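Chain residues, written in single-letter form:
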Amino acid sequence: MNTLSIALGTSLATALLACLAGLVMPVKWRTRLAGVLLGLSGAAGVLVGALAVTGMVWRAELPTLLPLAGVSLAADPLSGWFLVIIGAVTAAAGVYAIGYAGRTSHGPGSRTAMAVVPLFTAAMLLVPLAASVTTFLLFWELMAVTSLILVMTEHRHHKAVRPAAIWYAAMTQAGFVTVLIGLSWLAAATGTQAFDGIREAAVSIRPFAAGTIFLLCLLGFASKAGAVPLHPWLPRAHAEAPSHVSALMSAAMVKLGVYGVLRLGFDLLGGGLRWWWLAVAALGALSAVYGIVQAVVATDLKRLLAFSTSENIGLILLGVGFAGMLARSGQPAIGAVAMAAALLHTANHAGFKTLLFFGAGSVQRATGTRDLDKLGGLSHRMRVTTALVAAGALAAAALPPGNGFISEWLLLQALLHQTPNAGTMLAIAAPIGVAVVALTAGVGVAAFVKMVGTGFLARPRSDAAAQAAESPPSMLTAMTGAAAVCAVLAVVPAVTAPALARVINSLQISQTPLSEGLLDLRLSGISSHIAPLWIAVGIIAATTAAAVLARVLGKARRRAIAWDCGDGPLTARMEHTATSYAEPLQRVFDNILEPVADVDVTHSVESQYVIASIQYRQQIPDRIENRIYRPLVAAVQKLGAAAKRLAPGVMHRYLAYMLTALIVVLVAGAIR
Amino acid sequence: MSAQISSQLLNVACGLFLLTAVGVLWRRQVSALITLLTVQGVALAAIAVILAEQHRSAEAATIAIGVGLLKAVVIPWMLRRVHQQLPDARETRPLVNVSTSLLAAAGLTLLAYSAARPLVALAPTASAKATPVGIAVILIGFFLAATRQRAISQIIGLLLVDNGIAAVAFLATGGVPLIVELGVSVDLALAVLVLQILTSHLHTAFGPTDLDELRELHD
Numbered sequence: 189m190n191t192l193s194i195a196l197g198t199s200l201a202t203a204l205l206a207c208l209a210g211l212v213m214p215v216k217w218r219t220r221l222a223g224v225l226l227g228l229s230g231a232a233g234v235l236v237g238a239l240a241v242t243g244m245v246w247r248a249e250l251p252t253l254l255p256l257a258g259v260s261l262a263a264d265p266l267s268g269w270f271l272v273i274i275g276a277v278t279a280a281a282g283v284y285a286i287g288y289a290g291r292t293s294h295g296p297g298s299r300t301a302m303a304v305v306p307l308f309t310a311a312m313l314l315v316p317l318a319a320s321v322t323t324f325l326l327f328w329e330l331m332a333v334t335s336l337i338l339v340m341t342e343h344r345h346h347k348a349v350r351p352a353a354i355w356y357a358a359m360t361q362a363g364f365v366t367v368l369i370g371l372s373w374l375a376a377a378t379g380t381q382a383f384d385g386i387r388e389a390a391v392s393i394r395p396f397a398a399g400t401i402f403l404l405c406l407l408g409f410a411s412k413a414g415a416v417p418l419h420p421w422l423p424r425a426h427a428e429a430p431s432h433v434s435a436l437m438s439a440a441m442v443k444l445g446v447y448g449v450l451r452l453g454f455d456l457l458g459g460g461l462r463w464w465w466l467a468v469a470a471l472g473a474l475s476a477v478y479g480i481v482q483a484v485v486a487t488d489l490k491r492l493l494a495f496s497t498s499e500n501i502g503l504i505l506l507g508v509g510f511a512g513m514l515a516r517s518g519q520p521a522i523g524a525v526a527m528a529a530a531l532l533h534t535a536n537h538a539g540f541k542t543l544l545f546f547g548a549g550s551v552q553r554a555t556g557t558r559d560l561d562k563l564g565g566l567s568h569r570m571r572v573t574t575a576l577v578a579a580g581a582l583a584a585a586a587l588p589p590g591n592g593f594i595s596e597w598l599l600l601q602a603l604l605h606q607t608p609n610a611g612t613m614l615a616i617a618a619p620i621g622v623a624v625v626a627l628t629a630g631v632g633v634a635a636f637v638k639m640v641g642t643g644f645l646a647r648p649r650s651d652a653a654a655q656a657a658e659s660p661p662s663m664l665t666a667m668t669g670a671a672a673v674c675a676v677l678a679v680v681p682a683v684t685a686p687a688l689a690r691v692i693n694s695l696q697i698s699q700t701p702l703s704e705g706l707l708d709l710r711l712s713g714i715s716s717h718i719a720p721l722w723i724a725v726g727i728i729a730a731t732t733a734a735a736v737l738a739r740v741l742g743k744a745r746r747r748a749i750a751w752d753c754g755d756g757p758l759t760a761r762m763e764h765t766a767t768s769y770a771e772p773l774q775r776v777f778d779n780i781l782e783p784v785a786d787v788d789v790t791h792s793v794e795s796q797y798v799i800a801s802i803q804y805r806q807q808i809p810d811r812i813e814n815r816i817y818r819p820l821v822a823a824v825q826k827l828g829a830a831a832k833r834l835a836p837g838v839m840h841r842y843l844a845y846m847l848t849a850l851i852v853v854l855v856a857g858a859i860r
Numbered sequence: 015m016s017a018q019i020s021s022q023l024l025n026v027a028c029g030l031f032l033l034t035a036v037g038v039l040w041r042r043q044v045s046a047l048i049t050l051l052t053v054q055g056v057a058l059a060a061i062a063v064i065l066a067e068q069h070r071s072a073e074a075a076t077i078a079i080g081v082g083l084l085k086a087v088v089i090p091w092m093l094r095r096v097h098q099q100l101p102d103a104r105e106t107r108p109l110v111n112v113s114t115s116l117l118a119a120a121g122l123t124l125l126a127y128s129a130a131r132p133l134v135a136l137a138p139t140a141s142a143k144a145t146p147v148g149i150a151v152i153l154i155g156f157f158l159a160a161t162r163q164r165a166i167s168q169i170i171g172l173l174l175v176d177n178g179i180a181a182v183a184f185l186a187t188g189g190v191p192l193i194v195e196l197g198v199s200v201d202l203a204l205a206v207l208v209l210q211i212l213t214s215h216l217h218t219a220f221g222p223t224d225l226d227e228l229r230e231l232h233d
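Residue numbers (the numbering used here), protein chains in the order written: chain A, 189 to 860; chain B, 15 to 233.
Hints are computed from structural coordinates only; laboratory data are not their basis.
Source: prediction; values computed, not measured.
For every residue, glycine included, the Cβ atom is placed at its ideal position computed from N, Cα and C.
The reader is advised that the hints may include incorrect statements.
Said to hold, decoys possible - Facing chain A, according to a computed beta carbon distance under 8 Å, are these residues of chain B, among others:
#1 Trp91
#2 Pro108
#3 Leu109
#4 Leu125
#5 Ser128
#6 Leu153
#7 Phe157
#8 Ala183
#9 Ala186
Please model the entire structure based on the sequences and the hints provided.
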């Protein structure tokens, strides 16, 4: 019994207590107690992860917990890295839920919602600890089911919740089936279902079988991660779930898709072939570009954040893919840097996306809407929230001194410094990767400027936004905590260097990506280095100096009426809305997005030269969804309708089906 | 009783068990079907008694007596009551005619024997060798239920399936625990009771109960 098992036991026990508190406590105390317990559970989870990352060895076999297979758990630095992320997000979500759910007995404060959140986080904590195929699948499915229940929390309040839940249920189950097939095949091919045994026997699997297993599992993991084109559930589920659940899903759950790819590809299958990782990188590149392009034109605040999740998962997968390719092409040192970029970005994204989803939840709670076109003016009434969301947006836009900048810089370094003569594949893929990262960074800035600029600044464009009130202290505390983590990761990212080295070592790339040194981030194998602290200090000093100098030396500020074309006073309706801000970019990406615009011009009755009114409607449908999923859904529905003829209501037919099935099974058994 | 005679008796009982199932397919008169079912119940009880004697188990003997009471006395009595309420319940036009049914029964029995080979190979004792008989009766019961029109034939098909399952349980494992058998038996008696009530209600509502004409059952 070591420290790790005590910490894990504490985490799971407090989660269970939080679940009980959610179930039995009266409304008055429910969210407070459950939230605090959930926060403690998350904190203990961080401790488990931290211990595992420092290399503490731990394993547990519980053969009696499950019939036939038993449960087997083990901790290594890789699982530790993800446990720290999940635990930290859980802790923040617990604190946030206290204020967010409030003292209501429906929606996020309902008995079901408060009781299921701890189960969800506990399942997420156990996924990276699973050390056998059945254990992994069990917790994976538990995580999917509990998150599905949480997505449905507000099904009585909004009509869109139900379709979102159905999309999520269908896609997560389809993904589960492919992972199930893949891992069962892996277990059959190696003759054991324990990860240790698979690791040893993996070399003997034929390359074709190994590749197919990897692709099958990649499908499932990528759909959990929300990578394009397996993403349609993500903008729906993230938007319709309560905001602390959105944060848990976006910051923690989708990361487990990445964990699955890393665990299977690098650890269990021992690194695989180059084309596997090319496929991962291609998937990542597609997600990154498509995700950010959809985010920049989104007008729903949470939908924007959800597509940004797709984008960031894309960048992470891009890093993972290039790490795999580089490690297979004799450049393990550069591969280690790419992997460090991917891992660091998982942590960075978890930090700022938690913050931003919390912010979106505060906005929704205060105004009752997520439509950026109807917001605006929140900076006056929700000062702290606006400042925190702006900090999160800075990080998400990958601008210095945000933490997103560090990991994207690392990724670019890896892509730029690979040896050009390492083969055609890399020589073509690396420049494309650089272009993808550059494009997403650029469009990302526009997306987040739009989010903060049209959502929080200027004047309110609706009564709801004009009457917004600041969130309760618990929500602000949770957001401040997330912002503080982002700040630490932005200013002293080198604190993660020893942990990253151990994680990458456990992924069988035995290279240290970053040299030690607290203030200066030096890459091993590459001559570049960066000093995030000095960048941050420099930027802040320069901005302050500019502001002070402008005050002191500049001309006095002159107040005057803004030019209104002589058409009466300016109203809030004339501001840049989210739609109008994104319009130029929408034109640029017209071929990708294919927006559907509809202009209705009504002429005056007296003269057709006088226009009475113009109506403009625009929709930007998800093109991948329309092209791939609509036909698929239509085909399935057709099949379902056709299958109805199999059930005509005649009892003899049903009995004959049973008999036929029985006979087929028996014949199959007899022939074998 | 020597082991030789015991296994001979077991084979006779199993033969009778299968033969009655085939007889059910052959006869159409409902009273004859009920008689055949009674005989089958007796054969099943005999199998159970012989096995209980082989294992020298008092629990198994109790189960055997209980099964005999249920399958050879209670259920036939309930069926006769249904029959008295519906005197014209003769199977007039089965979906598959009698000679084809008998051929199908032969085929199903062959299938049962070939499919049960791995089971027999596990423990080549006399009782295990007779296991396919139970599987054959299950298949024949299913076949009967799927191809006959009258409600009472369906009940009898269900009872054949249950008898088959019970026989497999006895022959392959030497009998299930008392509590399980008790549960199954009560369940079966209840099912027959429900079907009996349902059949008589169907009769009062629709006249002669020809299930093929009831097509409104789908969703």
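May I ask you to test the interface hint for Leu125 (chain B) with respect to chain A, counting a Cβ-Cβ separation under 8 Å as satisfied?
holds, 6 Å
Status of the Leu153 (chain B) interface restraint (C-beta, 8 Å, chain A)
holds, 7 Å
Holds or violated: is the Cβ of Phe157 (chain B) closer than 8 Å to a Cβ in chain A?
holds, 6 Å
Less than 8 Å between beta-carbons is the criterion; does Pro108 (chain B) satisfy it with respect to chain A?
violated, 10 Å
Should the interface hint for Ala183 (chain B) be scored as holding, given a Cβ-Cβ cut-off of 8 Å against chain A?
violated, 17 Å
Taking the least C-beta to C-beta distance, is Trp91 (chain B) closer than 8 Å to chain A?
violated, 26 Å
Let me know if the C-beta of Ser128 (chain B) comes in closer than 8 Å to any C-beta of chain A, holds or violated.
holds, 4 Å
Are Leu109 (chain B) and chain A close enough, Cβ to Cβ, to be under 8 Å, as the hint says?
holds, 6 Å
Let's test the interface hint: is any C-beta of chain A closer than 8 Å to that of Ala186 (chain B)?
This interface hint is violated because 15 Å lies over the 8 Å limit.
Going through the hint list in order, the structure does not satisfy hints 1, 2, 8, 9.
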